[in-house]
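Fit chains E, X, U, L and Z to the supplied structure of chain Y, relying on the hints for placement.
Protein chains: 6
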Amino acid sequence: MKKKIQTVQTLLDSLPFIKKFYAQTIVIKYGGAAQIDEKLKESFAVDILMLYMVGIKPVIVHGGGKRITEILGALNIKTEFKDGVRVTTKESIKIAEMVLSGEINKEIVNMLNQHGAKAIGINGKDMSFMKAKELVGYTGEITSIDGIFVNKLLSENLIPVIAPIACGNSPTHPGFNINADTAASEIAAAINARRVIFLTDTPGVLDKNKELLSSLSEEEIKNLKENGTIAGGMIPKVDAALSAVSKGVEKAHIIDGRVEHSILLELLTSEGIGTEIKE
Amino acid sequence: MKKKIQTVQTLLDSLPFIKKFYAQTIVIKYGGAAQIDEKLKESFAVDILMLYMVGIKPVIVHGGGKRITEILGALNIKTEFKDGVRVTTKESIKIAEMVLSGEINKEIVNMLNQHGAKAIGINGKDMSFMKAKELVGYTGEITSIDGIFVNKLLSENLIPVIAPIACGNSPTHPGFNINADTAASEIAAAINARRVIFLTDTPGVLDKNKELLSSLSEEEIKNLKENGTIAGGMIPKVDAALSAVSKGVEKAHIIDGRVEHSILLELLTSEGIGTEIKE
Amino acid sequence: MKKKIQTVQTLLDSLPFIKKFYAQTIVIKYGGAAQIDEKLKESFAVDILMLYMVGIKPVIVHGGGKRITEILGALNIKTEFKDGVRVTTKESIKIAEMVLSGEINKEIVNMLNQHGAKAIGINGKDMSFMKAKELVGYTGEITSIDGIFVNKLLSENLIPVIAPIACGNSPTHPGFNINADTAASEIAAAINARRVIFLTDTPGVLDKNKELLSSLSEEEIKNLKENGTIAGGMIPKVDAALSAVSKGVEKAHIIDGRVEHSILLELLTSEGIGTEIKE
Amino acid sequence: MKKKIQTVQTLLDSLPFIKKFYAQTIVIKYGGAAQIDEKLKESFAVDILMLYMVGIKPVIVHGGGKRITEILGALNIKTEFKDGVRVTTKESIKIAEMVLSGEINKEIVNMLNQHGAKAIGINGKDMSFMKAKELVGYTGEITSIDGIFVNKLLSENLIPVIAPIACGNSPTHPGFNINADTAASEIAAAINARRVIFLTDTPGVLDKNKELLSSLSEEEIKNLKENGTIAGGMIPKVDAALSAVSKGVEKAHIIDGRVEHSILLELLTSEGIGTEIKE
Amino acid sequence: MKKKIQTVQTLLDSLPFIKKFYAQTIVIKYGGAAQIDEKLKESFAVDILMLYMVGIKPVIVHGGGKRITEILGALNIKTEFKDGVRVTTKESIKIAEMVLSGEINKEIVNMLNQHGAKAIGINGKDMSFMKAKELVGYTGEITSIDGIFVNKLLSENLIPVIAPIACGNSPTHPGFNINADTAASEIAAAINARRVIFLTDTPGVLDKNKELLSSLSEEEIKNLKENGTIAGGMIPKVDAALSAVSKGVEKAHIIDGRVEHSILLELLTSEGIGTEIKE
Amino acid sequence: MKKKIQTVQTLLDSLPFIKKFYAQTIVIKYGGAAQIDEKLKESFAVDILMLYMVGIKPVIVHGGGKRITEILGALNIKTEFKDGVRVTTKESIKIAEMVLSGEINKEIVNMLNQHGAKAIGINGKDMSFMKAKELVGYTGEITSIDGIFVNKLLSENLIPVIAPIACGNSPTHPGFNINADTAASEIAAAINARRVIFLTDTPGVLDKNKELLSSLSEEEIKNLKENGTIAGGMIPKVDAALSAVSKGVEKAHIIDGRVEHSILLELLTSEGIGTEIKE
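Chains as they are written, first to last, in the numbering used here: chain Y, -2 to 276; chain E, -2 to 276; chain X, -2 to 276; chain U, -2 to 276; chain L, -2 to 276; chain Z, -2 to 276.
Next comes chain Y alone, as it looks inside the complex (with noise of 0.2 Å):
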């Protein structure tokens, strides 16, 4: 009896939690480890489960790097990086949309909807809602998002699964390839989401010392940027976070995905687990 009364308070201590996030609306970038491991996987579905059930309102941004990568190899395509952005080529963004649109796409909209949810997985051809233009070769540089048509889902009780790839502007265009980070923090703007959250294959942001930073402004992010401690893959992710704060979202999250449900951890407990950014 003891243990029931002890699980009912734990259940109680989310509720301001919940409460606080009710009816608001969570972009999730999602991706790295927590997209390949089995176990992950399933705790990644259950969390967002989880917000839908309690009346959070989730958008999943997905990545896929891996898997094309993959894919592009059994197929002898060579792919090229350059600043940690793919380089994109006509042949390559039409096997990053088939991977990226019509298998993890639809492997996580299966998920959730087997686990109970009502999901639906999109790119940015669907209703062409969102549009890019040439950065180099096939990656682009988002244009213009449809914000009203990504609500009208939410407000239908949908859990939207969205895969990076915008509409070119001809109907033979086979669309630009974006990287996922900055979908997820432009889509967040574009939807007025109250939090955007990328899940990354670290603890989130790390001083010197490599201990977690769980909290930054943007004066603080310059400043690491400025003395190197803030480097490498981690800069798009912050200068992403960075770019959602700037245009109205309250804040982002930068937290380890290889943690079972972080994303739980993080939205409905005390202290969180990553390294959150505000303006």
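Bear in mind the hints are in silico, worked out from the structure with no lab data behind them.
It is possible that some hints are incorrect.
To be verified - What the simulated footprint calls covered on chain U by chain L, stretch by stretch (three residues with Cβ under 8 Å from a Cβ of chain L suffice, anywhere in the stretch; the number is not a length):
(1) 92 to 101
(2) 109 to 118
(3) 122 to 129
Claimed, not checked - Below, computed lysine-lysine pairings styled on BS3-like, alpha-carbon distance capped at 25 Å:
(4) L:275 - U:115
(5) Y:38 - E:-1
(6) U:16 - X:149
(7) E:1 - Y:0
Where is the CB? At the ideal position from N, CA and C, for every residue including glycine.
Showing chains E, X, U, L and Z alone in chain Y's frame:
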């Protein structure tokens, strides 16, 4: 960290129960110790808020016997009980309504709203939604319930808090006092609730050895009444429970209102704590 | 036949007034003799029903002073008045709410519904729609009114019957007693009512010779207060009236509640019977 | 003062009738003297407005026989009647429609709108809502009425003013003239009206001694027709009345349109002035 | 087979035009030969139906001059014209309305409905949607148009067919005759139509050599009027056209109503057939 | 000018067909040459847009066999066919979905949207709207279709573009490959489509002399199958067609996708070009 993960795991353990009752209506008869003890009152409010936040739709039907007796005493008006049902005179029905609708009802409403819910207090005279005819004096027998009105309140995301007073049939009729267990049972049937829960000052229905019976059918209850195991004040409760399930409510629960968070323990944990009654 | 035609002619004489107030909201402060005398109660109910049937939207704000004093007396709780405003203790606010919301409010609701209207009784704790802070003891000063909630009830063709109790700011706060004239005035302003009518136990505002003043401006009231013509209990009433018109209510009326059908006489006949106050 | 109270009392006497017909549809066949005499026209307009303002839903079906005859005469087109029904030629149907829809209909619409109602004039060709087939020449027999269309106008708070012309079955068909009594009767049945009222140039149905019969059943009418008491132009009227009640209209009224405010006298006073026909 | 493919190709050639005008409102002034010749009437009906079926929203404003003159003649009522505008007497306004609303309007409505559209015929007295004041006698100048009413009809997928009669300001006022070109122009402006089309009995605006001018600006029209190229009955037409475009209508078209399917030729083929006027 | 009039005449010839299919749903199985040849792809997109613009509601169900075989080949995964139905392994279902949902589906969606329609691409996993069970390996048999979901998309004026993949019954199930003809047939039945059209690489069903049979009944098909005239790959097509008509679809069409604009030729011209199948 381990502790946090355990916290989240506990949360997730409740997910199947949250899914089961999602968007379902639960009528709760609120009375006894749970309505008097300050700590239990707070625990009740928090339980209802938790249900409300995770998308379950509670309806509260409350009693108020002790406080009515107190006020009647202070006003030197005599009370008489017969078979556990208060015999209500024209003088006492006015006091009963005053206490139920003017003190207890608004106290519950305020408690819930101040915690973050949206509650509204009503009795059968509002919209004439619950009508009765004479049973004994001004104790009445329900003749009709406007379930559409109650469901409309629920569809607007409100928590109806109902005092068990029914209206009579003239502008000057003082109304009828209704047994709160009966009112909860009939309201549950009228609005197609999924469950009806009776908070009592016992652990539930007990067998001859005073051990809790965790599940009972109509047949079993009949036998227990015949052999005297179910007796006294428990009889009208099991009758109210049986009446609800016979009219389409899935299950009725008789649980211990003296235990903190008994509602959540019953609905959101795997074993529950009281007696479950089904057809 | 002649008589019948006269009947219809009388009916038609009211047409311009019905047109003037069609779909308009009228807040009525209901108190004094009109709330005690059985014949006047019936007359009030019929007046409200008439307004309701011809498409005018009444909102009732009621007092209950005498009955509260009575019950406080019966319970041996002392009452103290100061400048015509009851000084409310923690003990007496509970009794006041009990009487207002549990007896008087439901009696009015029942009276209206049994005549064919659709009324619902509320106080400030319902939906926390009227909030207050301390003025003197548990007599409060309104800090906010959720006009949208009241207008939603009106748009559903309901008659809100409001007891002048406001909620405090904690789950255990007993609430605040609000002067009913003030509550009517502020509610009228908050819901953009066209008119506010105060039923009193005088013919209206009188001049030095005790003759009725049928129309008064803010300037004239200022003078009458300065020269002592308006004095005593009439002061808070004209202040409540002026406050409403200063916040956009077209006119306020102070009329004699002791006259049967005084509301219809004031609104649907050409001269009216009381004092009309405008800016 | 006494007079004013009498005024209000008269108003209140109509309340039970207003309640009875609240939100109910009343079809009124408007014709005869009431359509010609200037004072009666004004009286008619005011009656309809009164019904409209108190929440009753009038539908006007008008005739125009005399004016049609006049214009046909001015244009030297011969008219022929047969059993009280105009025999309509291709030439005269065009004139009939012109007069009915182009003059009389719009005059009624304008009269009502200038008094404060919202009326719209239609005939059977609008939305093809009333179709007919040949009876004699271009006098038709209704084959279908789109009751949903008329009820949609009513639900938008409009007063439909209907000229009794039905459409034929080709783009060039001039349409059919419909007896206005029949049209009123059939429209009342098609839209589930509560009552249908025929304004005539007689006090109602009279007995052998020329005394008014205030209430008649189908059986009684049958007898009165057999013994010749009901004869001539009254026959099609009682037939239209009986047809309506046989199709679910509660009652039909034959009243004296030459009496000012005859509609209000019939509907909103206790005895009425004409003949009431029920099944 | 070749022919069939050509057929489909022709259909597809209209696609860009259908897309351009999709869900757009087009006001069409219908008059002249197109309203008299049987073949042209049929052609007009089919054109309107085609627009309606492909999602374009037509509004018809019709004249009726010749038929009014005819009837006035038959009734021996004299007609007088002044600057191309009929001088309307009290006697003739009644005949004008009778012919316009009672004959021509309903004929158009019937023609459209029998082809499969949903048309409703109105004039300014319906809902008092178009009001005017005196210009000369009973020829009026529009003072207000209730564009919301017309747009509501359009939103219900109806085709409003409007006779150019405006209401006056009393229950007995016969209304005002409005020049149909002016009415079309003002209605187009009031409902934010995309285009206004004037059907005339000329190929459009012609230059000195009687060659069609396919496109004209305000400036060019000014010059053509000054040098006398635009003269006579064409002046009020170009003025109505210019007035519409100055109030936000994209373009006005003056086209030859004597050519079958002139409306479709102008709107759904690449070059059009008449004169296009823009700011 | 003559040519222009001919153009408009052609347009008008399609009017009866546009009327016939107005607001009706047409399911189109898109496959074969029409999906590969660039010119035919463009022709298909334009046909769908034309239907969409004139108010007809297309639903696309596409195949993708050749491209799947190509990718499987490039990845060295063997394909096996059995009775014209691909035998799908766990390895190949993933590739099939990737190609269908990630490449072909989005290409069609983009093509339609860039032409001005509003299309959205889905497969059975979205909203779990199409479920299946095992037929042979990962080739499935449809067990349920959520027609309400597809009709909701249509009611929002969207064109659903559906890849024939159904979901299985677990979060990790890769889904089932569904024969596209069967999927089109079952979807047409589930959403009460008016017609289902199968684009093929033949002119339709041919008789023994290789002449096109323009219309066939169930009985005739049975005979043609028995005598071997209908054989091979045509068998599953006529079976899919018959299945749809047996479930309430008015007619099924088997037409030649190799002919440009075959869909418009079949639906909007008088004779059609393929084989029409009805019960």
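So, going through the hints one by one against the coordinates:
1. 92 to 101: With 7 residues close enough to chain L, the hint holds.
2. 109 to 118: holds (count 7)
3. 122 to 129: holds (count 4)
4. L:275 - U:115: Violated, because 37 Å separates the two Cα atoms, which is more than 25 Å.
5. Y:38 - E:-1: 20 Å, holds
6. U:16 - X:149: This hinted pair holds, its Cα atoms lying about 24 Å apart.
7. E:1 - Y:0: 17 Å, holds
In this structure, the one hint that does not hold is number 4.
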